[in-house]
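Novice: Make a model of the complete structure from these sequences and hints.
Residue strings, one per chain:
Number of protein chains: 2
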Amino acid sequence: MTDPRPARPAGSDAADHEAVRSANLAFYSAFEASDVEAMSALWEHSDRASCVHPGWPVLRGWTAIARSWSAILSGPDRLQVILTDERVVVVGEVGWVTVDENLLGQRQATVTAVNVFTRTTDGWRMVAHHGSAVVARR
Amino acid sequence: MTDPRPARPAGSDAADHEAVRSANLAFYSAFEASDVEAMSALWEHSDRASCVHPGWPVLRGWTAIARSWSAILSGPDRLQVILTDERVVVVGEVGWVTVDENLLGQRQATVTAVNVFTRTTDGWRMVAHHGSAVVARR
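Chains as they are written, first to last, in this note's numbering: chain A, 1 to 138; chain B, 1 to 138.
One thing to keep in mind: the hints can contain errors.
[To be verified] Chain B regions said to be covered by chain A (calculated; three or more residues, Cβ under 8 Å): (1) 59 to 72; (2) 91 to 102; (3) 114 to 121; (4) 125 to 131.
Simulated from the structure, these hints should not be mistaken for laboratory data.
From the three backbone atoms N, C-alpha and C, an ideal C-beta is built for every residue, glycine too.
Specialist: And the structure:
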């Protein structure tokens with residue numbers, strides 16, 4: 001009988017990549033759904049956490065980051081995010097994703113982002129997000 | 001007899017932080033000096049390396065990144081970089097630095113950046129850089 005499961009065991013590189021990819025998708029799902037609780041659940045609640053919204057200075061520490069997400073997600077904008085050109089890298093206890101966020105809604109923009117995650121006993125948590133608008137070249 | 005050496009051995013958290021901080025400073029020194037060779041030496045030459053210059057889309061892989069630095073560092077701009085509000089995080093084989101780059105020269109700007117490094121047998125190498133202009137708020 002053929003075992004349909006992938007040959008690599010859980011905890012392998014492939015499983016880690018998938019777990020980080022899922023954590024990254026959860027971030028964008030929370031953003032699209034304006035779900036503050038889901039957004040809170042996927043972040044590391046620590047002083048070392050950092051977040052750069054497009055055009056903003058860096059926010060450091062979960063308190064400042066949470067405040068920004070509460071304001072952004074309670075605002076009037078409802079944006080759909082089409083992710084393209086996603087790449088996942090995992091090195092030990094850290095994974096990061098570079099991805100383009102194609103935003104559709106009241107404002108249209110392409111934001112390129114790097115999202116850093118660390119492995120915890122409860123799964124991967126976002127510890128850094130940095131998004132910046134891609135400016136059209138002439 | 002009191003041992004004046006710090007209690008933590010080499011390879012400790014404190015030593016790792018200092019090594020990542022030094023690698024980060026080397027990046028800005030190479031930038032200020034327009035030193036293409038120094039810039040090349042501090043990057044990981046791999047497909048997973050990524051680089052976002054302010055307003056640019058992500059560049060992936062060392063070949064594309066090297067081409068961008070050659071163009072930027074051979075250009076007419078000579079910029080001094082005053083770094084402020086630098087924070088270093090190290091988790092295992094990965095370190096990242098969030099820092100503000102205050103650029104002085106023909107153009108003045110504040111760029112906020114996250115720089116990711118991985119530990120190699122030859123020291124820490126930059127594997128991701130993402131810089132974005134901080135836009136003045138009104």
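Novice: Indicate, hint by hint, whether the structure satisfies it.
Specialist: To see whether the hints hold, each was checked on the structure:
1. 59 to 72: violated (count 1)
2. 91 to 102: holds (count 7)
3. 114 to 121: holds (count 3)
4. 125 to 131: With 4 residues closer than 8 Å to chain A, the region 125 to 131 of chain B meets the three-residue bar; holds.
In the structure shown, a violation is registered for the earlier hint numbered 1 alone.
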